[in-house]
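Chains as they are written, first to last, in our numbering: chain A, 19 to 133; chain B, 240 to 461.
No lab work stands behind these hints: they were computed from the structure.
Idealized CB from N, CA, C, for every residue including glycine.
Among these hints, one or two may not hold up.
Partner residues are not named here, just some residues of chain B that face chain A (Cβ under 10 Å, in silico) [stated by the list, open to error]:
{"#": "1", "residue": "V248"}
{"#": "2", "residue": "E250"}
{"#": "3", "residue": "L259"}
{"#": "4", "residue": "K261"}
{"#": "5", "residue": "F262"}
{"#": "6", "residue": "G278"}
{"#": "7", "residue": "A336"}
{"#": "8", "residue": "F369"}
{"#": "9", "residue": "Y392"}
{"#": "10", "residue": "P393"}
{"#": "11", "residue": "R397"}
{"#": "12", "residue": "L413"}
{"#": "13", "residue": "N430"}
{"#": "14", "residue": "V433"}
{"#": "15", "residue": "I448"}
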Amino acid sequence: MHELGIAEKIVEIALASIPEGIENPKVERMNLRIGKFASVVEDSLRFCFGIVVKDTPLAETELIIENVPVLVHCNKCNFEWEVDDPIFKCPECHGTDLEMLSGREIDIDSIELAD
Amino acid sequence: MEINIQKRVLEANENESERLKKFFKEKNVFVLNVMSSPGSGKTETLVKTLNRIMPKIRTAVIVGDICTTNDADRLQSTGADVTQINTDKFGGDCHLAAHLIESTAKEFDLERIDLLIVENIGNLVCPAEFDIGEDARTVVLSVTEGEDKPLKYPLMFRLAHSAILNKIDLLPYLEFDVDEAENNIKEVNPNIPVFRISATKEQGFDPWIEWLEKMVFSKISK
Ligand SMILES: Nc1nc2c(ncn2[C@@H]2O[C@H](COP(=O)(O)OP(=O)(O)OP(=O)(O)O)[C@@H](O)[C@H]2O)c(=O)[nH]1
Ligand SMILES: [Mg+2]
Ligand SMILES: [Zn+2]
């Protein structure tokens, strides 16, 4: 639902990182990292991105999205594992003092400019 | 040519929220962010809560609503200071962002406020992602929704500090399994306190009020 805002922000950040002095820049690819626990629906983000990039150097950009797994660390026994179901209990010691190491990312990794 | 960016897309809101946190700390104001699906009973719960905690805890409320002022009017009737944010002015957004809270909070006389409650937009997805400088988050789930909502929207429930199961007066008329709902909340967030209440009938409020007062007084010292 907030994918439009996220798409706008992504495009804003990408445009700002194109070096000055390039004539007619064209972004071929954009690499994103999105955590499985982030509230972002990929289809919806792609759809909004398609709308936002009209008439910009990103008009034909291919969006490459890497899904980042949810990794959790147990502060009691130091076990680390990947969460599939949203169940937050250490499978080793049943501890509940946990830290989420990854899975909430909404990050721009890089863009690739056409030569 | 590849250009490395390595940037968090929501960084601006995160930074704003951190700044706000410091601001509220200086002002000695506890901030509670209340979230739920549309119609779970946020406003009703808050109206009854305000009647119990004021004037002991001097409270102001910011309410996000897509386009009406009904909620603000109901909350105002308790005597609390209430400001409404109509998000459609800002493009029909589905959540309140930190910069909106900052400009709105400054309209209150914060020297004379202990607790600022933010009733977020009715939505279980987007508000979870946007910190607003709050000290605690409460999520409201009503028994007219599915027991599996916490598993479907885990981020919201994972990040909450307390949960309210509302509308328990309706349980006799529903198939809803309230223990299963509470278990599902605790799968996602094992140590969270869950309060079963009926906001309209004002049942089950004592443990909730006790929790809220303890949270507020652990921060402020006016
Ligand atoms: N039976 C019953 N109805 C309730 C209870 N709490 C709220 N309601 C009703 O549910 C409806 C929605 O309540 P609100 O308090 O407006 O819900 P809300 O979460 O603030 O709704 P939005 O701000 O629109 O997202 C109203 O008609 C309330 O009267 C309750 O404990 N029991
Ligand atoms: Mg409301
Ligand atoms: Zn463990």
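Consistency of the hints with the structure:
| no. | hint | result |
| --- | --- | --- |
| 1 | V248 | holds (5 Å) |
| 2 | E250 | holds (9 Å) |
| 3 | L259 | violated (19 Å) |
| 4 | K261 | violated (22 Å) |
| 5 | F262 | violated (24 Å) |
| 6 | G278 | violated (16 Å) |
| 7 | A336 | holds (9 Å) |
| 8 | F369 | holds (8 Å) |
| 9 | Y392 | holds (8 Å) |
| 10 | P393 | holds (3 Å) |
| 11 | R397 | holds (7 Å) |
| 12 | L413 | violated (24 Å) |
| 13 | N430 | holds (6 Å) |
| 14 | V433 | violated (15 Å) |
| 15 | I448 | violated (26 Å) |
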